[in-house]
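Enquirer: Use the sequences and the hints to build the structure in full.
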Amino acid sequence: MPSGERLALALEPADGSALGVEWDEDVLRGLGAARQAAAGEAPRAWRLEREPDWERTSALRLISAVFDDGALLGVAALRPRGAAGHDADAVAALLVSAAGDVSRPHEALLSTEYGPDGTARRLGLELYEDSAGPPIRIVADIVGEPHEDTGAKRTALTLRMEGTPGTGLHELIPAGAP
14 MPSGERLALA LEPADGSALG VEWDEDVLRG LGAARQAAAG EAPRAWRLER
64 EPDWERTSAL RLISAVFDDG ALLGVAALRP RGAAGHDADA VAALLVSAAG
114 DVSRPHEALL STEYGPDGTA RRLGLELYED SAGPPIRIVA DIVGEPHEDT
164 GAKRTALTLR MEGTPGTGLH ELIPAGAP
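Residue numbers (the numbering used here): 14 to 191.
Simulated from the structure, these hints should not be mistaken for laboratory data. Glycine included, C-beta positions come from ideal geometry on N, C-alpha and C. One or more of the hints may lead you astray.
Claimed, not checked - Simulated restraints on C-beta separations:
| no. | residue 1 | residue 2 | range |
| --- | --- | --- | --- |
| 1 | 135 | 18 | 28 to 36 angstroms |
| 2 | 31 | 96 | 17 to 25 angstroms |
| 3 | 145 | 30 | 27 to 35 angstroms |
| 4 | 56 | 95 | 32 to 40 angstroms |
| 5 | 188 | 100 | 13 to 21 angstroms |
| 6 | 96 | 23 | 14 to 22 angstroms |
| 7 | 63 | 145 | 34 to 42 angstroms |
| 8 | 67 | 42 | 14 to 22 angstroms |
| 9 | 158 | 31 | 31 to 39 angstroms |
Expert: So, in structure tokens, the structure goes:
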């Protein structure tokens, strides 16, 4: 991962140890310049402090995005082994505002809409900065076919956050992928 400023968060699954994820701010910003690039050509914007506990985890999902106003988004979700759906996922997010302020919402909810063929086509994200206020809502449409690399899938996204368009990547790493 290149040497831009690091944006870090910790995923804390209910039955495992915390997993640190870092995004490189420069690479995130570069996703906007590479908007037309295929998902497989975009550089990886994140790194893990260690491998997930694959004995307890069935998949890791990562979302990396930049918005037209300069805001940045990083989301990580761990799905416990045996979980039936996204309601059991441990999800954490970080958001950098257009002004450069970094926030780590106290709750992040991530949902996936699937098409008739069973493939993901849209993501929904709600970020709650506190328990009393309304969430920041982000919608992402999956664009094109996923790029598969050693079992992991990377897919390009177009996003909207409160009316502001953006671009990014959704990465799905199932247990057993190197």
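Enquirer: Each hint: holds or not?
Expert: Hint-by-hint comparison with the structure:
For the pair residue 135 and residue 18, the supplied restraint of 28 to 36 angstroms holds, since their beta-carbon distance comes to about 31 angstroms. Restraint check, residue 31 to residue 96: a C-beta distance of roughly 18 angstroms satisfies the suggested window 17 to 25 angstroms. Taken as a hint, the range 27 to 35 angstroms holds for the pair residue 145 and residue 30, whose Cβ atoms sit roughly 31 angstroms apart. Against the hinted window of 32 to 40 angstroms, the Cβ-Cβ separation of residue 56 and residue 95 comes to about 34 angstroms, which satisfies the hint.
Taking the beta carbon of each, residue 188 and residue 100 are about 19 angstroms apart, inside 13 to 21 angstroms as hinted. Here the CB-CB span from residue 96 to residue 23 is close to 20 angstroms, well matched to the stated 14 to 22 angstroms. The hinted range of 34 to 42 angstroms is satisfied by residue 63 and residue 145, whose Cβ atoms lie roughly 35 angstroms apart. The given range of 14 to 22 angstroms is broken by residue 67 and residue 42, whose C-beta atoms sit roughly 32 angstroms from each other.
For the pair residue 158 and residue 31, the beta carbons lie near 34 angstroms from each other, so the given range of 31 to 39 angstroms is met.
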